[in-house]
Every structure is written in structure tokens, then in C-alpha cells.
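Line order of the protein sequences matches chains H and P.
Under our numbering, read the first sequence as residues 1 to 585, first letter to last.
Under our numbering, read the second sequence as residues 1 to 172, first letter to last.
I should point out that these hints are in silico values taken from the structure, not numbers from a laboratory.
A few of these clues could be false.
[Claimed, not checked] Subject to a maximum C-alpha distance of 25 Å in a straight line, what follows is the list of computed DMTMM-like cross-link-like pairs (lysine to aspartate or glutamate):
1) 66/P with 159/H
2) 308/H with 56/P
3) 317/H with 223/H
4) 330/H with 219/H
5) 71/P with 159/H
6) 66/P with 303/H
7) 66/P with 197/H
8) 66/P with 136/H
9) 130/P with 51/P
10) 369/H with 335/H
11) 330/H with 78/P
12) 250/H with 335/H
13) 153/H with 32/P
14) 330/H with 74/P
15) 71/P with 32/P
16) 384/H with 132/P
17) 330/H with 100/P
18) 130/P with 78/P
19) 582/H with 303/H
20) 90/P with 100/P
21) 66/P with 324/H
22) 384/H with 498/H
23) 384/H with 559/H
24) 71/P with 49/P
25) 71/P with 170/H
26) 397/H with 451/H
27) 71/P with 145/P
28) 397/H with 533/H
29) 582/H with 557/H
30) 317/H with 10/P
31) 66/P with 170/H
32) 153/H with 14/P
33) 71/P with 219/H
34) 71/P with 197/H
35) 330/H with 32/P
36) 317/H with 56/P
37) 66/P with 302/H
38) 330/H with 65/P
39) 66/P with 292/H
40) 66/P with 49/P
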Amino acid sequence: MEAATIAQTSVISRTFRRERRRMKTAWAVMEALVREGVDVAFGLPGGACLPLYDALCDYPQIRHILVRHEQSAVHMAEGYARATGKPGVCFTTSGPGATNLVTGLTDAMMDSTPVVAITGQVPTFFMGGDAFQEADVIGLTMSVTKHNWLVRKPAQAPEAVHMAFRLATDGRPGPTLVDIPRDVLLMEADFVFEDPETFRPSRSRSPFPSELALRQAADLIAESKRPILYVGGGAIHSGAAPEIRALAEKARIPVATTLMGLGAFPEDHPYALKMLGMHGTVYANFAINFSDLIIAVGARFDDRVTGKLSAFAPHAKVIHIDIDPSEIHKNRRADVPLIGDAKQVLRALLPLVRPPDTEAWWRQIEEWKSRYPLRYRQGDDVIKPQFAIEMIYELTKDYRPIVTLDVGQHQMWAAQFFTWTEPRTCITSGGLGTMGFSLPAAVGAQFGRPDRLVININGDGSFQMTFQALITAVEWRLPIKVFIINNQYLGMVRQWQELFYNRRYSAVYLANPDFARLAEAVGAAGIRVERPDQVEPAVRQALAITDRPVVVDILVDPEENCFPMIPSGMTVFDMMIAPGVKAVP
Amino acid sequence: MPHWLAVTVENSVESLNRVFHLLRRRHLPVGEIFMHRTGDPQDLRLLIEVDPARVDPYRVRTNLEKLLCVKAVEDWRECTLVVRDVALVKVRAPAETWVEIAQLAEFYRARVVDVGAETLIVEVTGSREKVDSCIARLERFGVIEVIRSGPMAMVRGQAEAALADRVTEAAA
Ligand SMILES: Cc1cc2nc3c(=O)[nH]c(=O)nc-3n(C[C@H](O)[C@H](O)[C@H](O)COP(=O)(O)OP(=O)(O)OC[C@H]3O[C@@H](n4cnc5c(N)ncnc54)[C@H](O)[C@@H]3O)c2cc1C
Ligand SMILES: Cc1ncc(C[n+]2csc(CCOP(=O)(O)OP(=O)(O)O)c2C)c(N)n1
Ligand SMILES: [Mg+2]
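Work the whole structure out from these sequences, hints included.
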């Protein structure tokens, strides 16, 4: 069973008694969190949220993980949520504590990650007067949360918390925030606790496609000659991997996934085309652009996938499965929109599906696959980043690791050179592309899945953005493996400067510290790797260390570029496989 | 008739903030927006003009529907409407012009609702065009100030509101 379904059923199966109790609001917040099944929260205290932290002392069932920077608290909550399907929780104080959340909340919003943030606010009698550490948190986070609540009266607190959880997970997941002034946190009141499931937005609807629409979709599939499944992050939220596989196999349809969809379809399956888009495989991009039918499942036609929209897949009809009605027709007009949860929609669609004749289509795809495999050349002296990543994959795959990726070239190489086979094992920042996401996300993922090996593939630039999360990992003795693909550059930016700005390198060289020694200094293990033959022993050594985090600093070819590449805003006919070399369909 | 979305929202500063914030952040190029009370003091109704050549009304509606403070969004393109505009027009009016202004007002079925030392306030109700025309006629006396409600609209002869769900199905 998928982690998402486990999480959902465990919430529903717990039984709740309606209870009335007198307590302070901060304690009522904890009660509500416990009723939501929260077992871990990430945060950092301050004046305005001191009552919350005081109450926390009475709730040992909620483990509090102290961060060193609040941005990491949200990324940890995101990592936890993406690994488990349950919302991640974070606490911060007012003002600077809350403003430090903004990047992480935006990240969660863009990637549809369920996160609940609880922030302390200055007392109500100070609000609006530029009080010490006052920030307009509701205003600041309005555009980066699904909804946020300012709690003005004690009685509203449990309801706001429960609604925040419902909204974070219902429909299209996303972040929510509850802002509670300090004086409200300290007020005593009679609280009534209800079954959390009774809190629903009044207009909550679960849309589902009509029988007619489902039949139209099945007809389009039966009539198609060159169909493709375009699978995104929504398939993972929905737990739709088995249904996607069933559809692909029943109708013999190739499957390409987005960066966010990696793992929703096993890449060791003969129908897998791996990732599509800007740095996707040549064959996935050819396949979608020459297709006559796109079946989009929880994917949002992002510009990193479509390139120039007007030229994207010009001959394709579109069946668009998405739970969010506002995604339909947003970037690409859908011929048959199927609004609803991907898993449920596919279940309803499957019995109606009749296999199209895709013989010729498959011959074409196989030809593209053999002509344009992913490749690189590893010599004897310098480590190629792709080689390092492939080694990490080969040596860890039997552990079925959960892998967090940061942002940049290393992210794309890992997307390409890992063979993703399982949902919720690839955790990365796609929509916002937030450098610094992956290390705290690995911490959160490890708290969510203590049973699994957690690997972090990081960049030398990105690592330095949220390095402090390593200190938290050491404190909790998390056996996370951090691999820094160290090219001594803001590599992805350097690549763009090389290709599109005449090699004028501007502010991309990184004068790095010795990462291995840095790791040792905070109590983690540190390993430095400089030659190709050292990679394998270093990975093995890292795997053998299980009582603390390990940082493996892998010095790689500084000027390696990431290909294939469809430059921003261009088309599949501009797809480069090397500098100045285009792929030819 | 403009293409309107009729949006019922909670009557609060916060809820209006959320609606306008969304329109701005999504860069939804909507036209004029009018805001009115309803029979329920908890509600406000916004009329949002959408030009389908500039923005897909479906997109505006589905985005608005994601806000908790939005109670209903109705697409009124297909509906026949009663539309009324109310204006108060303050004109410069020395006593010798009163008769003439009163006659003009009568012609528009408008009323004089305030008589000052040198001013009159005329209240005019009707279609937008009628109100425009009345104000234009008053110009020659010297219009000091105009305040108008903007179009208030209601769907003709329907026992129930045009439910948003039905429109969702049609658009989808
Ligand atoms: C450096 C860099 C390079 C990148 N290059 C690429 C690239 O080459 N290729 C690529 O694909 N991406 C790339 N990305 C990522 C890209 O920016 C987007 O984040 C990504 O393409 C979006 O993935 P998605 O379409 O799966 O949508 P997501 O952002 O995952 O959105 C999920 C969609 O599913 C819907 N949904 C949610 N839950 C459900 C449900 N239960 N049922 C049905 N639908 C649901 C949502 O409404 C939403 O529309 C890159 C990012 C970076 C930082
Ligand atoms: C917070 C943030 N700032 C800036 C960027 C722009 N950016 C995208 S990739 C990248 C370089 C990342 O460098 P590194 O982590 O070393 O990864 P590499 O590309 O070298 O593998 C930068 C600066 C970003 N994505 N996020
Ligand atoms: Mg780098």
C-alpha cells in the first residue's frame, strides 16, 4: 500500500470522543495537534511563541526538532511530508521567525506539499502598531499558502489547527499557516474537541468526471496512434502508481514523468521513457512532441516541460487528469478534462480503455532510444559528476533509498542517472527550485521514515545555503548520507553563462571550504574524494557509518555540462546533446 | 452586456483583501469590479467584468473558487439580467436654474434629493446609458461631484441562483 493511503486510513480509523476541557490556548493547540496524529514538529522558539513551547513540555508524544534556521524547518516539514504523505509541521516565533518561513512555504506551495506552520504573533493589543518583532504574517504568506488563519479568540484555535490540516491535505495539497498572538495563547478557556474530520471547509467539493467524459477519454485512447502518458507530481500525491502502470500495460502506452513525477512509474519497465522536459531524455521529448495523444496525470504543463508553448506537441490531443480545476486549460487546452483524484479517475477509466494500435509508434520510440541514450565519458583522472551519481545509485539501490536532490546540475544528473522505481523516493524542489532544500528535506524524510536509508545529493553551492541543518542531523544522530557533487561552481548558472552569455563567467566561481572538515567540526563524518577510483570505496565507507551523518565531498569536473538540454523557451528541434550539437528526430 | 462573474464573498476587509490579492498575483486581467451589499449583512457581492479575449473566465472562476472566503461564483454570460445603476449628482444651481434642472430630472425620472444654497443633488436610477446621459445633460449647469453605485445586477426570473457547480460542468 502507498504511504499516502496508510496515512489517510490511520487518521480515519482512530476513534474520537467529543471532549470539553478547560485549559490555555497553547495547550489546546497541542491537543489539536495530537488529535491530528502529529508525532514530530520542526521549529525554533522566540518570545511570541513561548507559550507554545511551554505547552510542548507536557506533550512528549510530539517530538520537537530544533532547527538552526527557520527556513530549514519548513524544508524539513516538506521532506517529512513528501516521504510519508502526512503533513509536516513547523513552529516559529513572530517577526523574523515567521519571515524566515516564506521561502519554504513558497516552495511547498509550488510543489503542492502539505505543510502546516504555526507561528506566534505579538499580543493582540500591540498588533498593527509596529510592535517589537511584529510582521504582517497573514499578509506576507497569503500568496504562498492555500489559506492562513489569524486566531483572535481562544475558541478559534483548535478549529484553525484542524482546518489547517484538512486544507493542507484535501484536494491539491499545499501549505497552510496558523498565526496566534501571544496573549491568545495564554488565555484560559473551555475548549470542545471534536473529531478532526468534522472540520471541513463549507464549500469543500470532490469533483469527479462524468461517465460521458470518461468514455470520450477512452475513445481518444482507442483511436490514437501515438499516445503518451505524461505523469507528474499529482500521481505521487494521489498514490496512482499502480493504476498508471495498469493503464500503460493495458494500452501499451509509453510513460514519461516530470521531475516531480519521478518514481510514479518504474524506470526499469520497458515502457519507461524517464524524465521529459528541459533536461529530460531525447526520446521522452521526441515522443511527447510527436505524439497524437497526451494523457496528463497530475502534471501541470510547466514551462520546463513544454518549452515554447505554441510549438509544444502541436498534433496532440490532450486528456488532462488533475484534481485542481484551475489547472485545466491553464497552459494547454484540454480536449477531455478529467477533474478528480488521479487514482480514482484512472480506476474509473481503466475498464473502459481499449488498446490502440501502437506497433509503429513503438518502433519509432525504440529507434530514438537506441540512437540517443543518456551518456557521458569517464576518463582516468577527473571524476565525471554523472559517474559519481551512477556509482552512488548502483551501490545504494538495494537499500531502496529515499533520495533528496538539491537544485542545479547535480539535480538534473541525479534525475537522469538514477533509475527511479518507487513513489516518494525522489524528493526535490521543482517548482521554485530552492537552493538549500535538500539537506533539511533529508532530515525531515529521515524523521518520517526512520526505517529507510536517506541519501542527499547536494551541490557545493546549495549545501552552503542550509548547511546548519547538518547540526540538527548530528544532534539526532541521523545516519544521512550527504554527497556533495563539488564542481566549485554555481554549475547550472555557469553552464548558462557558457552557452548563452559567451562564456563570460560572472559570480559563479565558489571559493569553497573543506566540506569534509566542516562536517567533522560539527560532529558528522567527513570524506573527501578526488579521483575516480576513490568513489566506490567512499560510498561504501559512508554506508558503513550508521551512528551519525556522513558528508562525502566529491570533487568533480568543474566544467561538465548537463545535456540533453532544450534551452528555455525553445522547442524540441533546439534540443542540444552537446555544445552546438542538436538531436535530430 | 459585459460578461460578468457574480462573486459572493464574506463581508470583511480580510476577504476582500484575499480576492483582490488573488486577482493581482495571478495576473488575471479582469475589467471593472463593482461591489454591493446583499440581503445578508454577512455577504458582499462583487461583479467582476471579464473579457474572454483577454482572460479565460473559467480560469478566473476556478481560481476564485479556491478561496475559502468565496461563497459562490456564478458566470452570468448566458443569463438575462436586470441591471440598475444609481447616481447622485451634485450640480451648481442658483435659484433661477431650479425649474430647468427639475424638468430635466423629470425627463430622466430622476429626483432632486437635496437643495443647498447654491447646489442641488439629483438622484438618478436606471441603465448605465441612461445615467450617463443624464449626467451629460447636467454638465452644462456645472457638475460638482458624481458618485455612482456602478451596475447592480440580478438574474431575471430564476427561483434559485445559477449554481457554480453547473457552470463548472459546462466549462469542463
Ligand atoms: C534546475 C531545474 C530544472 C528542471 N528541469 C526539469 C525538466 O527537465 N523536466 C521536468 O519535468 N521538470 C523540470 N524541473 C521542474 C519543473 O520546474 C516543475 O517543477 C515540474 O515540471 C512540475 O512537475 P509537475 O507537472 O509534475 O507538477 P507538480 O508541481 O508536481 O504539480 C502536481 C499537479 O498535480 C495535481 N494534483 C495534485 N494532487 C493530485 C491528485 N491527487 N490527483 C490528480 N492531480 C493532482 C496538482 O493540481 C498539480 O497540477 C526543473 C526544475 C529545476 C529547479
Ligand atoms: C535560492 C536560490 N538562489 C539562486 C538560484 C539560482 N540557481 C539555480 S541553480 C544554481 C547553481 C547551484 O549550484 P550548486 O548547488 O553548486 O549546483 P551545481 O549546478 O553546481 O550542480 C543557482 C545559483 C536558485 N535556484 N535558488
Ligand atoms: Mg556546484
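For each hint, the structure was consulted:
1. Restraint check: the Cα-Cα separation between residue 66/P and residue 159/H comes to about 19 Å, which is no more than 25 Å; the hinted pair holds.
2. Among the hinted pairs, residue 308/H with residue 56/P is consistent with the structure: their alpha-carbon atoms are about 20 Å apart, no more than 25 Å.
3. Distance restraint check for residue 317/H and residue 223/H: the Cα-Cα separation of roughly 11 Å lies within the 25 Å cut-off, and the hinted pair is therefore satisfied.
4. Annotation: proposed proximity of residue 330/H to residue 219/H holds, straight-line Cα distance about 24 Å (limit 25 Å).
5. Of the supplied pair hints, the one linking residue 71/P and residue 159/H holds, its CA atoms being roughly 19 Å apart against a limit of 25 Å.
6. Between residue 66/P and residue 303/H, the direct Cα distance comes to roughly 23 Å. Compliance with the 25 Å bound is thereby established for this hinted pair.
7. At roughly 20 Å between alpha-carbon atoms, residue 66/P and residue 197/H fall within 25 Å of each other, so this suggested pair holds.
8. Of the supplied pair hints, the one linking residue 66/P and residue 136/H holds, its CA atoms being roughly 22 Å apart against a limit of 25 Å.
9. The hinted pair formed by residue 130/P and residue 51/P meets the criterion: a straight-line CA distance of about 23 Å does not exceed 25 Å.
10. For the hint linking residue 369/H to residue 335/H, the alpha-carbon distance of about 29 Å lies beyond 25 Å, and the restraint is violated.
11. Between residue 330/H and residue 78/P the CA atoms are separated by roughly 23 Å; this keeps the pair inside 25 Å, and the hint holds.
12. With a C-alpha separation of about 22 Å, the suggested pair residue 250/H and residue 335/H falls inside the 25 Å cut-off, and the hint holds.
13. Simply put, residue 153/H and residue 32/P have alpha-carbon atoms about 37 Å apart, too far for the 25 Å limit, and the pair is violated.
14. For the suggested pair residue 330/H and residue 74/P, the alpha carbons sit about 20 Å apart, so the restraint of at most 25 Å is met.
15. Using a Cα cut-off of 25 Å, the hinted pair residue 71/P and residue 32/P holds, with the two alpha carbons roughly 20 Å apart.
16. With a CA separation close to 73 Å, the supplied pair residue 384/H and residue 132/P exceeds the 25 Å bound.
17. For the suggested pair residue 330/H and residue 100/P, the alpha carbons sit about 56 Å apart, so the restraint of at most 25 Å is broken.
18. Distance check on the hinted pair: residue 130/P and residue 78/P sit about 24 Å apart at the alpha-carbon level, within 25 Å; holds.
19. For the proposed pair residue 582/H and residue 303/H, the alpha carbon gap of about 20 Å is at most 25 Å, so the pair holds.
20. A threshold of 25 Å between alpha carbons decides the hint, and for residue 90/P with residue 100/P the separation of about 15 Å falls inside it, so the pair holds.
21. Proposed proximity of residue 66/P and residue 324/H is supported: the alpha carbons are some 9 Å apart, at most 25 Å.
22. At most 25 Å may separate the alpha-carbon atoms for a hinted pair to count; residue 384/H and residue 498/H meet this at roughly 18 Å.
23. With a C-alpha separation of about 10 Å, the suggested pair residue 384/H and residue 559/H falls inside the 25 Å cut-off, and the hint holds.
24. For the suggested pair residue 71/P and residue 49/P, the alpha carbons sit about 18 Å apart, so the restraint of at most 25 Å is met.
25. Our distance criterion of 25 Å between C-alpha atoms is met by residue 71/P and residue 170/H, whose separation comes to about 18 Å.
26. About 15 Å separates the Cα atoms of residue 397/H and residue 451/H, which keeps this hinted pair within 25 Å; it holds.
27. With a CA separation close to 35 Å, the supplied pair residue 71/P and residue 145/P exceeds the 25 Å bound.
28. Taking the CA atoms of residue 397/H and residue 533/H, the gap is near 20 Å; set against the 25 Å cutoff, the hint holds.
29. For the proposed pair residue 582/H and residue 557/H, the alpha carbon gap of about 23 Å is at most 25 Å, so the pair holds.
30. A C-alpha spacing of about 40 Å is found between residue 317/H and residue 10/P, which places the hinted pair above 25 Å, so the restraint is violated.
31. Restraint check for residue 66/P and residue 170/H: the C-alpha separation of about 12 Å stays at or below 25 Å, so the hint holds.
32. A hinted pair counts as satisfied when its Cα atoms are at most 25 Å apart, and residue 153/H with residue 14/P qualifies at roughly 16 Å.
33. At most 25 Å may separate the alpha-carbon atoms for a hinted pair to count; residue 71/P and residue 219/H exceed this at roughly 37 Å.
34. Annotation: proposed proximity of residue 71/P to residue 197/H holds, straight-line Cα distance about 21 Å (limit 25 Å).
35. For the suggested pair residue 330/H and residue 32/P, the alpha carbons sit about 23 Å apart, so the restraint of at most 25 Å is met.
36. For the hint pairing residue 317/H with residue 56/P, the CA-to-CA distance comes to about 20 Å; that is within 25 Å, so the pair holds.
37. With a C-alpha separation of about 20 Å, the suggested pair residue 66/P and residue 302/H falls inside the 25 Å cut-off, and the hint holds.
38. For the hint pairing residue 330/H with residue 65/P, the CA-to-CA distance comes to about 15 Å; that is within 25 Å, so the pair holds.
39. Between residue 66/P and residue 292/H, the direct Cα distance comes to roughly 32 Å. Violation of the 25 Å bound is thereby established for this hinted pair.
40. In summary, the hint linking residue 66/P to residue 49/P is supported, as the alpha carbons are separated by about 19 Å, within the 25 Å threshold.
Checked against the numbered hints listed earlier, the structure breaks hints 10, 13, 16, 17, 27, 30, 33 and 39; every other hint is satisfied.
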